[in-house]
Amino acid sequence: MPEHTFKVNGRQVTVDIEDDVRLLWVLRDVLDIRGPKYGCGINVCKACTSFINGKAFNPCSVPVSQIGPDDEITTIEGLPDTVGRDLHPMQEAWIDRDVPQCGYCQPGQIMAAVDLVNKVKAEGRTITDDDISGIRNMCACGTYYRIREAIKQGAENM
Amino acid sequence: MAARHSSVEQGTTTPGGIGRRRFLGYLIAAPTLAVAVPIGASVLGPAAARALPTPVPEPAEIFDLSDLILTSTQPTANLITVVVNEDGTVSFSMPRAESGQGITTMAAMLIAEEMDVRVEDVTVTLADARPELIFNQQTQASSTAITMYEPIRVAAALARGRLLEAAAIKLGEEVRNLRTDAGKVITKSGSNIPFADLAVDAANVATRQVLAELRPQDQFKIIGTEVRRDDVVAAVTGRKTYTTDIDFPEALPTMVARPPMIQGTVESVNNLDEVRNMPGITDVVTISTDAAPDFSHSGQSGVAVRGRTFGQCIAAVRALDITWSGGTVDGASDESVLQQLRAAQAPFSVPSPSPLDEAAGQIPLVTEGLGELGLIEAIEEEFVFYWRSNSAMEPNVAVADVRDDSAEVWTPTQVPIWTQQQVAEELGLPLSQVTVHVMRGGGAFGRRLFNDAPLEAVRISKQTGKPVRLMWHRTDECRAGRVHPMCTSRIRATYSKSAGQVVSFEQRHTSVATDYTEVFGEMLLANVARLPFTNELAVAQSVFLLTAAVPYDFGAVVLGLNEIGAFDTFNTGSVRNLYNMDVRPAQELMVDRLAAKLGKDRLDFRLETLESGRARKVLETVRDQGGWGRSLPDGVAQGVAVHEEYKGAMAVIAEVDTRPATVNRQIPGATTGPRVTKVTLAVDVGLPINPLGLRAQMQGGIMTGIAHVFTASLHLRDGNFLEGSWDDYRYTRHWNAPPEINVIVLPPNGERIGGAGEFPVAASTAAVACAYAAASGTMPTSFPIGHNEGIPFDVKTFQPPIPASPTNGLEFYPAPKAATGTFNPAQ
Ligand code: FES
Ligand code: FES
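Those sequence lines, one after another, are chains A and B. Going from the first sequence to the numbering used here is simple: count from 1 and add 37. Going from the second sequence to the numbering used here is simple: count from 1 and add 678.
Keep in mind that the hints are not guaranteed to be accurate.
To be verified - Going by beta-carbon spacing under 10 Å, a handful of chain A positions derived as facing chain B: (1) LEU61; (2) VAL63; (3) THR112; (4) VAL120; (5) GLY121; (6) ASN155; (7) VAL157; (8) LYS158; (9) ALA159; (10) ARG162; (11) ILE164.
Bear in mind the hints are in silico, worked out from the structure with no lab data behind them. Glycine residues also receive a C-beta, built at the ideal position from the N, C-alpha and C atoms.
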């Protein structure tokens, strides 16, 4: 079986698995990193959203063979470490606003929100309602309104 | 014995009253303090004793589904238990499911309130299936708050009483000189003992009966305050454990290849060995996928694969070469079902001035006064509601470990006892050998009222002899998953312009049969004799009559339900709400038309005709706080609706923008279209326990309402549904969620508890539909409005039954596709 080496949440890992297995399953089923969720497996729902080298992506749609030894994957579990704190400001905003209902989509929502705010900041802007309306992450409990509030609040502290 | 009350008086105050009633409970023999209370000890009885006003109201108004659940859960004299731990924290194992409704948080608040402990010091877990609780472990129809409010508080009050007793002995004080605060017993002189130091002293060597008094409502310190979800930190850090996350390495990922038609059957698997030898795959077996333990219904089946990762299971499902034989609805389409529904529609029966009326089976009506009404005119409309999916974000899941003489199942079931019974029956095991662990669910919406996933999981585990971690693919969720049945609702209303009033209102609902047999069915049959109307109604009609009502005084009101097909012809269930999510929006659209005919403002007309004071109050609240009648540009308009159900009342004002610039806004990969820009919702649930959680529930219901008006539906074509994922099934997304929502929770109105989870769907759907009608100057009669506006997605593969995962995820974020176009039904 082919070996794949890369970094996840600051830890170097090597897994033995077929090339075409999508990274989501390597994270969840092989490495026991359960924060990224399955909601569709076809890059639609965004429940699995994580970072590769600091940018958001959807591991359900990336074969593990495309991840190289220099690539660094960050899942929701590793998000606080990216700012050297116990909780990322976006997570704090999420708690403050009591955003989750069932919570299943929320790891993906938070990762997408952080990525969006990073992008908007890099463009020298502050986040707008239109930016938020472009987020694709699906939530069947309908927490969108609180997510909108929490993103604005979290962005202020990022 | 200082805390023991001198007289035994069971409560006699009126329902909803706040008299000093006393409640019975038990101190349980245990190493630390443990108390228990029978669920159903409540004196809150059905409202059956309420005098029938005239004219005779629709059944739902005097005895609704909440009452049914309450009475069904009363006779089971069984216990819920609160334990005080040695560290002073309190534990409660709750016989309910938690899928995001916030009921564990609510339970913690109730306990904290009665015991004077901090909410965060109360840990609420979900109890395994407890067969002795009969109907008392279901989580459905927003009934949890209604049925659990009192028993939980009684248990907590007993615990506090016993802690006071133990402290009194320890301190040589009298109980009446002691009080509790912040997890401590405090003396008059100000010294204190923490509960932690009393938990063992307060333990009991023998179980005995005691009485407790509940804290009166005017002394509440926690109930009614805003408390965050008990699992909010776990949820945002990825640490919340859902079923497929559990630490059970031997339970390998498992998926099922499902037929290309609804309820098809496996004839043969033509490449079994090839698939068994695929990388990572450990097992391939054919199993029944029937939702009931015996195979007498449809005999539907599928092929299960078990492997190292779900990714490899997906590959194996796709590689299977299966010959299928027919399903239950081969060839059926939206069009053919609509024809069948129309053929089954009951004729209107209220006497009508229209010469076209062919009233058959007229029912006697009180028509006195008709003479003074002058000319009576009629309006009539047929509304069509297409299929909606009740899929949650977390798909159907179950972990199962079946041994020769026992079985263990983990699943987010809403009906644990039923799950346990069905699993036992399926495996031929005694009930006592089956353990069902209730996991926190990633949404439920009615889907987890059925045992599809746990039954499949135990069948696969039994056949392979190995533990399995079963998960449905998203595509299966759309096509094999349960749907809210397609239905039509015909309404005819008559009115007198000269008298300025509605004379009659008749609604004939016709639906593809809904599957209630497994849960509601049992409960209804057990209670039929107690229902205040005929006891010969079919189950579906009972549910219909228990939930449907017209909140307005519209003279002679007639409601009826017809169904087509058997309960299991399609895989059906409810979506957050039962009939009202269709019945009420149809009514409210007609109310707008009646207001126009009678020359009245839509909101004033409702206010004038509403029968209940609570409903008028919430309507006045949204009128005043939602800016009713404020000036809006052409193409933007408000809609208003009122709804009463689940022991509560709610009113909603929605604003919808149908201007071209909004409708045609471009967002990559999004179906845009009309936008709900503002929603004001006022809700009276009786006693709001946690307004923060309640507002969240209301917001969620609004999102569902918006989806049901515009875009969320399944298209039936040639015996199966075309949708295969989110994006196809177009639930509300960030781009069509309202930027402004104001939920007003009315202050406590008595101590009666209302439900919340499903409540807002009907009113929100209705208000948004009415706003759209006003903004576009059209009368929408087919829902979702976008259903017949084409299929704006590529239909995913039926054979193999699930699509391959893409490989280009590094090239595309966030949207892999160009825009799928806008949706502009007004054009
Ligand atoms: S599971 Fe990855 S986008 Fe849905
Ligand atoms: S919180 Fe349940 S799906 Fe988003």
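Hint check:
Interface restraint check for LEU61/A: the shortest CB-CB distance to chain B comes to about 7 Å, inside 10 Å, so the restraint holds. Interface hint status for VAL63/A: upheld, as the beta-carbon distance to the closest one in chain B is roughly 7 Å, under 10 Å. Interface restraint check for THR112/A: the shortest CB-CB distance to chain B comes to about 7 Å, inside 10 Å, so the restraint holds. At about 14 Å, the closest approach between the beta carbon of VAL120/A and any beta carbon in chain B exceeds 10 Å, and the interface hint on this residue is violated.
The beta carbon of GLY121/A is not positioned within 10 Å of any beta carbon in chain B (closest approach about 16 Å), and the interface hint is therefore violated. Violation of the interface hint for ASN155/A is found here, the shortest Cβ-Cβ separation to chain B being roughly 12 Å, above the 10 Å cut-off. With a least beta-carbon distance of about 14 Å to chain B, the hint placing VAL157/A at the interface is violated under the 10 Å criterion. A distance limit of 10 Å between C-beta atoms decides the matter here; for LYS158/A the minimum to chain B is near 17 Å, and the interface restraint is violated.
For ALA159/A, the shortest C-beta to C-beta distance to chain B is roughly 15 Å, which exceeds 10 Å, and the interface hint is violated. For ARG162/A, the suggested interface contact is broken, since its CB lies about 18 Å from the closest CB of chain B, more than 10 Å. With its C-beta approaching chain B no nearer than about 13 Å, ILE164/A sits outside the 10 Å limit, and its interface hint is violated.
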